[in-house]
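Colleague: Produce the entire structure from the sequences given, and follow the hints as far as they go.
The sequence shown lines up with residues 1 to 141 when you count with the numbering used here.
Hint data in this document are derived by calculation from the structure and do not stem from the laboratory. Among the hints, erroneous ones may be present.
[To be verified] Derived CB-CB ranges, DEER-like:
no., residue 1, residue 2, range
1, 100, 134, 42 to 50 Å
2, 56, 19, 22 to 30 Å
3, 71, 41, 39 to 47 Å
4, 111, 32, 14 to 22 Å
5, 92, 118, 21 to 29 Å
6, 56, 134, 24 to 32 Å
7, 33, 131, 40 to 48 Å
8, 70, 111, 35 to 43 Å
9, 29, 101, 16 to 24 Å
10, 18, 47, 36 to 44 Å
All C-beta atoms, glycine included, are put in the ideal place defined by N, C-alpha and C.
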Amino acid sequence: MIAETSTLQGAPAWQRLRWWQALGWLGVGAVIVLSLLPLPQIGPQLPNGDKWQHLLAYATMALYFAQWASTWAQRIRQALSLLALGALLEVLQGLTGYRQMDPLDLLANATGIAMGAGLALGPPGRWLLAIDARLARMQIP
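Modeller: Rendered as structure tokens:
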């Protein structure tokens, strides 16, 4: 079991954490809506284009949410929660009648989560905190 006190970089000083979290949840809401609405086929489709969309969406969410996790346990919970969301959405797509369930979509989701979580361990994992600090220095509420 991973100890809750196993910190990654300590607890950074966020100025607008609730605002950033709300923005992240809006992004999750957008993924849910876009996953369940019927989408029109517009123009030529790229081969496996939907897999790339899954990978990019879940990589973005994993990178975004990992930025304010201060322990390994939090990051693992976030990754598993995103994976569970992807699995639930795949099942729900299969029940819609106009979308289909595809296990390869879940694989793309998992790959995206791993990529986003990996990126969060390096400099990309601090971009949001840098923006937050810059806004604080500019005294933007």
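Colleague: For the range 35 to 43 Å, tell me whether the beta carbons of residue 70 and residue 111 fit it or not.
Modeller: Given range 35 to 43 Å: violated, Cβ gap about 25 Å.
Colleague: Honestly, do residue 111 and residue 32 meet the 14 to 22 Å range at C-beta?
Modeller: For residue 111 and residue 32 the Cβ distance comes to about 20 Å; the hint holds.
Colleague: Honestly, do residue 29 and residue 101 meet the 16 to 24 Å range at C-beta?
Modeller: holds, 21 Å
Colleague: Given the range 21 to 29 Å, decide if the beta-carbon distance of residue 92 to residue 118 lies inside it.
Modeller: Holds: the Cβ-Cβ distance is about 28 Å, inside 21 to 29 Å.
Colleague: Does the beta carbon distance between residue 56 and residue 19 stay inside 22 to 30 Å, or does it fall outside?
Modeller: holds, 24 Å
Colleague: Verify the CB-CB distance for residue 33 and residue 131 against the hinted window 40 to 48 Å.
Modeller: About 26 Å separates the Cβ atoms of residue 33 and residue 131, which means 40 to 48 Å is violated.
Colleague: Honestly, do residue 71 and residue 41 meet the 39 to 47 Å range at C-beta?
Modeller: holds, 44 Å
Colleague: If I claimed the Cβ atoms of residue 18 and residue 47 lie 36 to 44 Å apart, would that claim hold in this structure?
Modeller: The hint (36 to 44 Å, Cβ to Cβ) holds, given that residue 18 and residue 47 are roughly 41 Å apart.
Colleague: Can you let me know if the beta-carbon spacing of residue 56 and residue 134 is within 24 to 32 Å?
Modeller: This hint holds: roughly 26 Å between Cβ atoms.
Colleague: Would you say the C-beta atoms of residue 100 and residue 134 sit inside 42 to 50 Å of each other?
Modeller: holds, 44 Å
Taken one by one, the earlier hints fail for this structure at numbers 7, 8, listed in ascending order.
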